[in-house]
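Peer 1: The chain contents come next:
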Amino acid sequence: MHTLVLVKQVPDTKNAKLHPVTYTIDRSSTVNITNPSDLHAVEAAVRLKETYGGIVSSLSMGPPSAVETIRETIQMGVDHGFMISDRAFAGADTLATAYALSIAAQKIERTVSPLDLIITGKMTIDGDTGQVGPGVARRLGWYVLTNVVDIVEVQLKDRLMTVRRQNNSGYEVVRTPLPALLAVDPSINKPRRASMPNMVRAARYQPTIWSANDLEGVDRSKLGLKGSPTIVRKVFPPPKPEGGERVEGSLEDQVKFLTKILLERPEWIKTREKV
Amino acid sequence: MAEEHQKEVVDETVDVKDLDAWRGIWIYGEVHDGELEGVALELLHAARPLADALETELGAVLLGSGVKRHAETLIAHGADNVYVVDHPELANYRTEVYHEALYQLIVRYKPEIMLFGSTANGKDLASAIATDLETGLTADTTMLGVNKEERLLEASRPAFGGNIMATILCKKHRPQMATVRPRVMRAGEPDVTRQGKINEESVTFSSQNLLKTIIETVKESSGDSGLETADIVVAFGKGVGDQRGLEMVQALAGVLGAAVGASRDVVEMGLIGREHQVGQTGVTVMPKIYIAIGISGAVQHLVGMQNSGTIIAINTDPEAPIMKIAHYAVVADAYALLPKLTASLNEALKEVKRDVLTV
Numbered sequence: 001m002h003t004l005v006l007v008k009q010v011p012d013t014k015n016a017k018l019h020p021v022t023y024t025i026d027r028s029s030t031v032n033i034t035n036p037s038d039l040h041a042v043e044a045a046v047r048l049k050e051t052y053g054g055i056v057s058s059l060s061m062g063p064p065s066a067v068e069t070i071r072e073t074i075q076m077g078v079d080h081g082f083m084i085s086d087r088a089f090a091g092a093d094t095l096a097t098a099y100a101l102s103i104a105a106q107k108i109e110r111t112v113s114p115l116d117l118i119i120t121g122k123m124t125i126d127g128d129t130g131q132v133g134p135g136v137a138r139r140l141g142w143y144v145l146t147n148v149v150d151i152v153e154v155q156l157k158d159r160l161m162t163v164r165r166q167n168n169s170g171y172e173v174v175r176t177p178l179p180a181l182l183a184v185d186p187s188i189n190k191p192r193r194a195s196m197p198n199m200v201r202a203a204r205y206q207p208t209i210w211s212a213n214d215l216e217g218v219d220r221s222k223l224g225l226k227g228s229p230t231i232v233r234k235v236f237p238p239p240k241p242e243g244g245e246r247v248e249g250s251l252e253d254q255v256k257f258l259t260k261i262l263l264e265r266p267e268w269i270k271t272r273e274k275v
Numbered sequence: 001m002a003e004e005h006q007k008e009v010v011d012e013t014v015d016v017k018d019l020d021a022w023r024g025i026w027i028y029g030e031v032h033d034g035e036l037e038g039v040a041l042e043l044l045h046a047a048r049p050l051a052d053a054l055e056t057e058l059g060a061v062l063l064g065s066g067v068k069r070h071a072e073t074l075i076a077h078g079a080d081n082v083y084v085v086d087h088p089e090l091a092n093y094r095t096e097v098y099h100e101a102l103y104q105l106i107v108r109y110k111p112e113i114m115l116f117g118s119t120a121n122g123k124d125l126a127s128a129i130a131t132d133l134e135t136g137l138t139a140d141t142t143m144l145g146v147n148k149e150e151r152l153l154e155a156s157r158p159a160f161g162g163n164i165m166a167t168i169l170c171k172k173h174r175p176q177m178a179t180v181r182p183r184v185m186r187a188g189e190p191d192v193t194r195q196g197k198i199n200e201e202s203v204t205f206s207s208q209n210l211l212k213t214i215i216e217t218v219k220e221s222s223g224d225s226g227l228e229t230a231d232i233v234v235a236f237g238k239g240v241g242d243q244r245g246l247e248m249v250q251a252l253a254g255v256l257g258a259a260v261g262a263s264r265d266v267v268e269m270g271l272i273g274r275e276h277q278v279g280q281t282g283v284t285v286m287p288k289i290y291i292a293i294g295i296s297g298a299v300q301h302l303v304g305m306q307n308s309g310t311i312i313a314i315n316t317d318p319e320a321p322i323m324k325i326a327h328y329a330v331v332a333d334a335y336a337l338l339p340k341l342t343a344s345l346n347e348a349l350k351e352v353k354r355d356v357l358t359v
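Read top to bottom, the protein sequences are chains A and B. The opening position of the first sequence corresponds to residue 1 in the UniProt record's numbering, with each subsequent residue numbered one higher. The opening position of the second sequence corresponds to residue 1 in the UniProt record's numbering, with each subsequent residue numbered one higher.
Please note that a few of the clues may not be correct.
[Stated by the list, open to error] Pairs of lysine-lysine, DSS-like flavour, derived with a Cα cap of 25 Å:
#1 Lys260/A to Lys219/B
#2 Lys17/B to Lys222/A
#3 Lys256/A to Lys219/B
#4 Lys222/A to Lys172/B
#5 Lys260/A to Lys172/B
#6 Lys238/B to Lys226/A
#7 Lys17/B to Lys226/A
#8 Lys17/B to Lys238/B
#9 Lys270/A to Lys172/B
#10 Lys270/A to Lys340/B
#11 Lys260/A to Lys340/B
#12 Lys234/A to Lys324/B
#13 Lys270/A to Lys350/B
#14 Lys234/A to Lys219/B
#15 Lys197/B to Lys68/B
#16 Lys68/B to Lys226/A
#17 Lys157/A to Lys212/B
#18 Lys49/A to Lys238/B
#19 Lys222/A to Lys110/B
#20 Lys324/B to Lys256/A
#21 Lys222/A to Lys171/B
#22 Lys17/B to Lys234/A
#23 Lys110/B to Lys270/A
#24 Lys234/A to Lys197/B
#25 Lys110/B to Lys68/B
#26 Lys110/B to Lys226/A
#27 Lys190/A to Lys238/B
#28 Lys256/A to Lys172/B
#29 Lys234/A to Lys288/B
#30 Lys256/A to Lys270/A
#31 Lys340/B to Lys256/A
#32 Lys260/A to Lys148/B
Just so you know, the hints here were simulated from the structure itself, not pulled from any lab data.
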């Protein structure tokens, strides 16, 4: 079984500083991390390898610094790491990103072996869309399952897989033919810590890095900024609200005031003890 | 109302860059477990003025099995046209078959704007459709507008982890697509006298797409946090981000019979489960009363609760963004205030109960 995990290096948006005028991320002050959600995808893939055998590859699109993210996947037990890195990929929205990754996935199939499965995280913390995974699946013409919370079983002989996914109101157990793409929810597992041998291997690991020219048959008009139908017209601070009432006075006054406000509609209070 | 509507000759070629070939605003009238998702009505309410501004139709798409009965509701909430595909294969959501049905409708009628609710399945479907049409899709929009002259959808969303808002355009491809956060916009009142047309559509499914099967479905509330249905939510952030803070918040919530909400910070600290997270990457809530304790109010959090009925913020920092959107801004040390407030409410509620009993 050959599983590919898609991973991304992202700015740690939680601690990111924004330029006060342009509202763009100040990259110099921002630390890069592996997208937290993607570590769950890596963990899921490595566990599948441990249960069913086979190999795991990882793929990232990004600047040269993304080597660190690939190394993190190697630390966790991934066998082969791949990157696509080129200015031609820069400025890609979700459509162009999914296209580039799908072309690279096909090259990985030619380079290593055909894929049975692709696993992605739920969403990235910088883009926050969750659209790339399903996009890659559609480009490849594969089945897609998002919000996967459990991989129940893989029937390799029948080329079938059963997963549990969250839907709008609960969950469903779905059986899908392979190859398929799963976008996993972070609740699916707890990513492991690296083992010592994998840490040693990762420290020296050099992923295979492809430029746009290395991707045979790629349509360059579908890459990067050029291949992205969406553009950011403007960024702006969130609308300023007018502001409400200041509750002032001593702590006792504040408590008294809040008690009154909260008890204005006692029917909203669902007391649990019996009356 | 018209029943059957099937064009004899339909132009099913698709050129997403021929902008003038695309007209109309469509929303996805998502049905789950047999019921219309609330966000479908919110989309209609938000899109009605946009369709009027562009002087074009507002259409709604119904996909499923036994879903036609929802068409009247969509019309009462503002749809001019409802496009229905009622088919046994659509009984349960599966990306591939829903995609196939919706794709055929979009190519048949060519709406210039297509909106979805950001539900689990709505996002899944929108992503698949946008990829095949090779058009732009903006995720988790919280504000919608149109530029009338250029007929452009202005889809705004929190960006960069919710630090800022960004307006996204899709200028040269059609349809312009967006998913919209549920419960961020409000649904309007239905007008049962509104007239609209119900178009029953036929589509074809490829046999390969039917191979994925749903074995079992289980309904459950989202992690049992009760956030989405609670009348009162007591939420806390890193200002009270420790075990003592959590216990005080739980005590207050207990007295009020409220659900406990949390900012992303305290969820990531591991103080409370992810199902309690309110905000862009968590749950959107619209309770009668929202009490924000020690939450500064990053955009990421605000988009998840700003439509609550009454917002009470308790914070030591009078300049915190949450204090600006709160109806009642209480500058106080929550560690000192909460135990007193909980005790005071306890006392007062005894009075209320006694009154109830003596009446």
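Peer 1: Find the hints from earlier in the document that the structure breaks and name them by number, from lowest to highest.
Peer 2: As far as the earlier hints go, 1, 3, 5, 6, 8, 9, 14, 16, 18, 23, 24, 28, 29 and 32 are violated by this structure, in ascending order.
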